[in-house]
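So in the numbering used here, spot 234 of the sequence shown is number 252, and the numbers just go up one at a time.
Quick caveat, the hints were computed from the structure, so don't treat them as lab data.
Some hints here could point you the wrong way.
[To be verified] DEER-style ranges, computed between Cβ atoms:
1) Y301 <-> P170: 32 to 38 Å
2) E167 <-> G377: 51 to 57 Å
3) G293 <-> V74: 35 to 41 Å
4) P380 <-> D53: 30 to 36 Å
5) G261 <-> P380: 24 to 30 Å
[Stated by the list, open to error] Derived EDC-like pairs: lysine to aspartate or glutamate, alpha-carbon spacing no greater than 20 Å straight-line:
6) K504 <-> E476
7) K128 <-> E105
8) K138 <-> E165
9) K83 <-> E409
10) K391 <-> D371
11) K490 <-> E476
12) K420 <-> D371
13) K28 <-> E394
14) K59 <-> E113
15) K28 <-> E190
16) K284 <-> E388
Note that the structure is predicted; figures quoted are calculated from it, not measured.
Backbone N, C-alpha and C fix where the C-beta goes; we use that ideal spot for every residue, glycine too.
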Amino acid sequence: MLDYSSLGLKVGLELHQQLDTKHKLFCGCPTKLRDDEPDVKFLRRLRPTQSELGQVDEAALFEFKRGRRYLYESYDDSVCLVEMDEEPPHDVNQEALDIALEVALLLKAKPVDQVCVMRKVVIDGSNTTGFQRTLLVAIGGPEAVVEDEEGPVRIETICVEEDAARKMGELEDTVQYRLDRLGIPLVEVATAPEIKSPEQARRVALKIGRLLRATGKVKRGLGTIRQDLNVSIKDGARIEIKGVQDLDLLPKIIEFEVVRQLNLLKIAEELKRRGVTPSDLNYAFADVTELFRNTKSKVLLGGLRKGWRILAVKLPGFAGLVGREIQPGRRLGTELKDYAVFWGGVQGIFHTDELPGYGVSPEEVEALREELKAGELDAVVFTVAPLSKAEEALKAVVDRAKQAVQGVPEETRSANPDGTTKYSRPRPGAARMYPETDVRPITITEERLKKIKEALPELPEQKFKRFVEELKLNPELAEAMLRSKKLELFEKIVSQVKVPPVLVASTLEYTLKGLKREGFA
């Protein structure tokens, strides 16, 4: 068992929940997703812009350097010129803003006096504009906390954002997106980095999720809510993990990230013990194509037949460390590969810690080591690709290896279904935010807040207590009803029909599910 307290674990949560509004955040299009054939397709490229201070965000520059094109799909009746970025945004959806204010008041956060729309630079193709519009609605106060057995966790901010386009596929340098989801309002609830354990993160996320559902104004189902994490440990780095949809996966993701950072710190210690410094690593690439002309490796042969080159680089002092596991099923070599794939666009890499193997013979490995003058403690990494891509890929490998000498690099990672994570992009900086010039600020009046306060729903904790004490549900059944999509129906039946609440709850939550499994519903 890991001692998270002594490791100095800090976790912050960002919950993004789709709102069940009549139309999107900046236009009148409906908030529904489509599976039928799109009516329109168009192709775009995106470029980064400078902030007000003349700076370019590193993460945006990273996406631009990948040289990708974006194929967008849209529908005549659920996508308009706003989503296509052919028309300025309309006024802010007031229904969405009211829901966000309701969430803020339920969390005892302090609404801002004036809501201003900001642009957050995003050029991965998920927004046709090259930015996401976001509105800060409320900030945390002394009472804006989520109570938990391991200690309270403060709420920092509550925002409204437009959801991104749906990624439908990817082919070489073209990414396909569908615009039906773009612009659906999201509420974002961000906590302070005060979560101390993986299980506490799950409990806090569950409580916030319950509160959002208590409004009765949020969408339900897969993909309608997702969590981002910020995870750090002592001597490690702040890592942003994006797109966690399964609440029960949160503890495992945090645990695996802690393990990853601990293993990276151990690798850094070993490299320092071997006397390796970042200056020992350089872009001294060698073209070793001729060494593999008669190789039995299918991957290398496939590339050579296309006229590609095989480029290699020596990593001094890295022997035995590139193949070291840092997360279940993932090694330092996997991290190097992720960088090579994203920065260079190659299909993958080979390294001497895993060779001979994959059709590469011992004789080829020996010849490779001789060609690069690799010693016993040195590793060699190589890739097969068009020359320019191979060079960019190996530059990324060397850059990541330099970071390995120093410890854990700050970066944004995406969650895998097994709880591990993979490199996604550099962490964004302050240069990615600047004011939206096409939408006027909105003043939040006392009258508006008073009207929302008068109609606040019952809090989940209060509802749970009422279900147990007044309706006589056992705690397990009360918990199940709080999470059920049939909660509103349950309360309607109980209030209008003289039937034992326990019978109603068990029928809705268990009997109907059993009948459905048996094919009767």
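For each hint, the structure was consulted:
1. Y301 <-> P170: 32 to 38 Å: violated (50 Å)
2. E167 <-> G377: 51 to 57 Å: holds (54 Å)
3. G293 <-> V74: 35 to 41 Å: holds (37 Å)
4. P380 <-> D53: 30 to 36 Å: violated (52 Å)
5. G261 <-> P380: 24 to 30 Å: violated (42 Å)
6. K504 <-> E476: Holds, because 16 Å separates the two Cα atoms, which is no more than 20 Å.
7. K128 <-> E105: violated (34 Å)
8. K138 <-> E165: violated (31 Å)
9. K83 <-> E409: This hinted pair holds, its Cα atoms lying about 14 Å apart.
10. K391 <-> D371: holds (16 Å)
11. K490 <-> E476: At roughly 18 Å apart (the allowed maximum being 20 Å), E476 and K490 satisfy the hint.
12. K420 <-> D371: holds (18 Å)
13. K28 <-> E394: violated (39 Å)
14. K59 <-> E113: Roughly 30 Å between the alpha carbons, so the hint for K59 and E113 is violated.
15. K28 <-> E190: Distance of about 38 Å is beyond 20 Å: violated.
16. K284 <-> E388: violated (29 Å)
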